[in-house]
Structure formats: C-alpha cells, structure tokens
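Following the hints, put chain E in place on chain L, whose structure we already have.
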Amino acid sequence: MSNITIRLPSTRRTQNQYETGTSYLVTPGDVITEDTDYMRGHGTYCTGDADDKLYSSVAGVVERINKLICVRALKSRYTGEVGDIVVGRVKEVQQKRWKIETNSRLDSILQLSSVNLPGGELRRRSATDELNMRSYLNEGDLISAEVPQVNVDGILSLHTRSLRYGKLSQGCLVIVSPSLIKRRKNHIHNLSCGASIILANNGYIWIYTTQHSSQTEEGDGGFIISNESIPIEDREIICRLRNCIKCLAKRSVVLYDTSILYAYEASMSYKVKQLLDDEVCDEIVNKTIYLLQQANVGNSEY
Amino acid sequence: MTMPTDSRRLPAPDISYNAKLFTEIEKLSLLDDEEKRADGRYVTQPRDVFLQCGVITQAKGSAYFEMNKTKVICSVYGPKDIEMREEFQINKGKLKCELKYAPYSSPKHGDHIPGASDVEKSDILLEAISSGVCLQRYPKSQIDVYVIVLEDDGSVMPAAITAASVALVDAGIEMYDVITASSIRIAGQDTFIIDPTSSEEFSPLNLEKSNDLNQGMVMVALLPSINQVSSVVSSGHLECNVLQEAIRSCRYSAQNLHSIVRKCLVNSLKKILKQRNTAK
Numbered sequence: 000m001s002n003i004t005i006r007l008p009s010t011r012r013t014q015n016q017y018e019t020g021t022s023y024l025v026t027p028g029d030v031i032t033e034d035t036d037y038m039r040g041h042g043t044y045c046t047g048d049a050d051d052k053l054y055s056s057v058a059g060v061v062e063r064i065n066k067l068i069c070v071r072a073l074k075s076r077y078t079g080e081v082g083d084i085v086v087g088r089v090k091e092v093q094q095k096r097w098k099i100e101t102n103s104r105l106d107s108i109l110q111l112s113s114v115n116l117p118g119g120e121l122r123r124r125s126a127t128d129e130l131n132m133r134s135y136l137n138e139g140d141l142i143s144a145e146v147p148q149v150n151v152d153g154i155l156s157l158h159t160r161s162l163r164y165g166k167l168s169q170g171c172l173v174i175v176s177p178s179l180i181k182r183r184k185n186h187i188h189n190l191s192c193g194a195s196i197i198l199a200n201n202g203y204i205w206i207y208t209t210q211h212s213s214q215t216e217e218g219d220g221g222f223i224i225s226n227e228s229i230p231i232e233d234r235e236i237i238c239r240l241r242n243c244i245k246c247l248a249k250r251s252v253v254l255y256d257t258s259i260l261y262a263y264e265a266s267m268s269y270k271v272k273q274l275l276d277d278e279v280c281d282e283i284v285n286k287t288i289y290l291l292q293q294a295n296v297g298n299s300e301y
Numbered sequence: 000m001t002m003p004t005d006s007r008r009l010p011a012p013d014i015s016y017n018a019k020l021f022t023e024i025e026k027l028s029l030l031d032d033e034e035k036r037a038d039g040r041y042v043t044q045p046r047d048v049f050l051q052c053g054v055i056t057q058a059k060g061s062a063y064f065e066m067n068k069t070k071v072i073c074s075v076y077g078p079k080d081i082e083m084r085e086e087f088q089i090n091k092g093k094l095k096c097e098l099k100y101a102p103y104s105s106p107k108h109g110d111h112i113p114g115a116s117d118v119e120k121s122d123i124l125l126e127a128i129s130s131g132v133c134l135q136r137y138p139k140s141q142i143d144v145y146v147i148v149l150e151d152d153g154s155v156m157p158a159a160i161t162a163a164s165v166a167l168v169d170a171g172i173e174m175y176d177v178i179t180a181s182s183i184r185i186a187g188q189d190t191f192i193i194d195p196t197s198s199e200e201f202s203p204l205n206l207e208k209s210n211d212l213n214q215g216m217v218m219v220a221l222l223p224s225i226n227q228v229s230s231v232v233s234s235g236h237l238e239c240n241v242l243q244e245a246i247r248s249c250r251y252s253a254q255n256l257h258s259i260v261r262k263c264l265v266n267s268l269k270k271i272l273k274q275r276n277t278a279k
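So the protein lines, in turn, are chains L and E. Residue 293 in numbering that gives the first Met the number 0 sits at position 294 of the first sequence, and the numbers go up by one each step. Residue 73 in numbering that gives the first Met the number 0 sits at position 74 of the second sequence, and the numbers go up by one each step.
Bound-form chain L, shown alone (with noise of 0.2 angstroms):
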C-alpha cells in the first residue's frame, strides 16, 4: 500500500490577516495627492486640466522622497544595467546577431561582434561566420552573457567575449523575480556543496555541476556542450539547490551565496522531494533566517 501524506491547512490564511494597515495602497485612477508642490515620478501622471491632481497609473505603494512621488508596483519586469549578468535563452538568429529573451520588455540583442568565435583569437567576422551562425548558437539555446550597454530605447546589447560566458550545457534554470537577487560582485558561485550556480540579475538562476579541470579550452569558445553523463549524486545536489531556491523565493528572501548555502544546510535532514510541501519549505525558510541573522550580528561585534 502507498503511503499518503495527510497535512493540515496551515498556508490557509484568513482575509484579515493581511490587514498590516501602515503602507498607503493605491490603483490607477487614484488621486495620490491634490497638492501641485510633488514632483511626479514613476508610475503616476497628471491630466494637465486645471484641477492638477496627481494620480495612480499601476498598483502598489506609494513611496515619497522629499517632493517626488513614486508608485512602486510590486510585479515589474527585468530593467537592466551596464555591467549585470543575465541568462538568457536565444529567440531568433538575425543577420549578424541573435535575439535573446532575458525576461526584460524588449529582446536584447547579442551582435555576432561581441561573442567569441572559436579560433579562439580575436579576428575579423567573415561572411563564412554569418553563415555559421545557427551552428553556434541556435533557437531555444540558453546562454549566460554580461550587458556592457543599455540602449536609449531600453534594449539591452549584451556580449560573451570571457570564458566565464557562453553557451549553457547541462543544468537546471530556475525563474524568480529579479528584485530577489541581490546585486554582489560576483554572480558566479562554486558552492561548497558541489555545485556551482549562477545568480543573473534578471532572475534567472542557472544550477549545473562543477567543472572540476577546466575543460574550456581556449579554442572552442564556449560553444562545445558536454553531453558526458551526471552521476546521480551531483543530479540529487542540484534537485536539492533548486527546490531550496524555490522555498526562499516563495517567502521572498533574498536570494545570494550565503542565503543559498544556509538553506542547503538547513534541508539536509529532509528528502528533495519532501522540500515542495509548504510546512517543510517554512520551516527551512525560518531558520535560514535565522542563521542569516546571526552571521549579521556576528559581522557587527567586530
């Protein structure tokens, strides 16, 4: 006979728990304010009648610093900056560039410039590279790559020319919201638990197996993918990782090599599969918290 799992209704919450009362909350249309001192910022607009009213145009919170207004909506998609790391996943091959979806409002653009070519060496494009490309990266193809310049209409260009960068073989992408990556120096972790990961600021977060030599040569330009077997091991390592950046992305804690590593410790007494209930998953989520604050006060006695 199979077991059954038979759990309490414990994630069920009543209406007037939310009630928190402190933040003011509007929709669009509403007026924020009838007074024309504010300046207005994001996420509000005026008519330009006579009556100068200010209103809402998303829903959310308002925020005000000083005289300006904003109204911060609390789903909003990837805008990217000079010098983040994104992954992405290849949606068209152009004429000397690919079209990438990286979870912003428009597709950013990878120019057959900005990759490297295998050879290795840099050297010029030739029409033979124009016709290659579909042989190196192709449609439905994940890549990582960092966004050396914004456009002025918001489209991100982006390049893979250091090794770190290039074409993704074998791992697991996980998608959370890109306000839950915490902006660090280094988005590229070996994990002590035997995986790597990497934490792109557009909420995309690639787990896959550490390469132990480094495999990369110089000459292939990041495009070869080892198809080699994952023992079963490193597999269950990066179930667990995936299941526990779900758990924290659930309760939205941010999410960065330590918060990562803390609730990987904090799983270890519980099978992977066991992760996806809700009464494990807060749990693991509280004492990650937990230990997050520690390490804090432990940083600040010194």
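It is possible that some hints are incorrect.
Reference excerpt, derived from the structure (chain E facing chain L, CB under 8 angstroms, subset only) [unchecked claim]: (1) ARG36; (2) ALA170; (3) GLU173.
No lab work stands behind these hints: they were computed from the structure. Since we're looking at a predicted model, the values are computed, not measured. Glycine included, each C-beta is placed from N, C-alpha and C at the ideal position.
Just chain E now, kept in the frame of chain L:
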C-alpha cells in the same frame, strides 16, 4: 468495396432544421406580477459578483470574474517585443485582444474556429480597454490580453472588460484608470433591466402587453475615477432620449462596480506585502 469518402461533402441531409424550432416557444415575460425577474432580482439589481486576480500563475497578470452563471477568466502577457513588424509603431505600444468562448460555455456546443461574432467581440474589448492603458509608456512593445468565457449567461462583454482591466493592473501595466462596464436590456421606455441574463437578453417581444417599440441592449465601459466613457455599444431600436437614459443608468451601475474592483486589487497587494513581511 466501399465508396471513397468525399471530405468536401456534408454527410448530413440537404435540408435540416434546428431541433429547437419544433419546441414550443415559451411566452416569457421579463417581469412577474411582483415586478421581479425570473431569478428573483429587482429590475435595478445587478447580480452578486466574485472577482479575484492572480489566478493564473504562468501569466504576468490574470483575473477571474463571475456573476452568478457568467464566468470569464482573463490572462495578460507582456509587455514583450512586438511580433508582427508591419504593425510596428515607434512611439506607442500595441494591445492585442482575443476573446474566446469555451466550447462548453453555452447550451449549444461552440465552434473551435473563431467566428465573426468572436472577432467583433474582441474588437469591442480592444476599444473599451485601449483608452485606459498608457500605451505611450511601452514603445516598440506588445501586450497580449486573452479572455476565455467559461460560461455564458448574459452580460459577457461587461464581465470580459472588467476582468481584462483587473488583469492588466495585476500585470503591473500602467493605466490611467481601471475600467468597469455594465449592460442594460431595454424592454420598453420605462423598463431598464440591469445586468441581464442570456434569457433576458434574447427574450421574445411580448407585444400583447405593450406597444412600445423601444427594445434593445446598451453596454457602457467606464473609467470610473476620472469619469470618462471609453466605449458605448447599443443594439436594437431605441429612441434618442431612451438611449440617453440607458447610458446614464449603465454609468451609474458601472460606477458601483468600481469599489469592488478597487477592493480586490488592494487585497491582492496586501496579500503580496504580507508574504514579503513574514520573510523579513
């Protein structure tokens, strides 16, 4: 040996009639002796509604709207890169609307291929909501709105418009205002039936009772806080002053819906904020 089948030929007999033609037509009168409707409502009483946003996790924004037996679900995707280059506008975003009836939405089994009425209803939806969205804030982009009618029991268009606007707000898209809508069946100069069911929408004329030829439907979409009308659709035979009066009643009824829409959106914001606060 069997004959080869011809796919272009209909297997049905040449002449066929809908079975409903042979059933006895009920002489429906819209109101009973106590001035009440078939479902027990008064003339000016709309149905109770249920509204929730964030019901489809894969979509950027979504909403479910229910008025007793009329049920619609709406999902919003985008803003994303524009698909068709021909429709490209450099300084303005593009809104794409699609309204579909689920095959099981009405007693008569629906067609898989969108017919002319589906396209027309999609256009009405687009017209009603596009003036509420700040499209100039989304240059070179496209926003997709998909509405599926799960069950049709009258007043589908107002339900679809309201659900679409809530889903757009839920997706975090900049809007001048939320959009609420309402419809009215006019059965004679003095009888305005708010929020009609499908039997009330198409009930046959009972000319024995009255000789008033003012018979029709009016639907109004409204931006309630800035009090502007974004769309008016009227059908049937209506005199000018009757139409004016009907539009006024529709606006009043759409305005009443605003508080419900606002409450639903604020509650969903509170829910998200609460989840974030527990983690900190």
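Tested hints:
With its C-beta approaching chain L no nearer than about 31 angstroms, ARG36/E sits outside the 8 angstroms limit, and its interface hint is violated. Taking 8 angstroms as the C-beta contact cut-off toward chain L, the hint placing ALA170/E at the interface holds, the least distance being around 7 angstroms. At its closest, the beta carbon of GLU173/E sits 4 angstroms from a beta carbon of chain L; the interface hint therefore holds under the 8 angstroms criterion.
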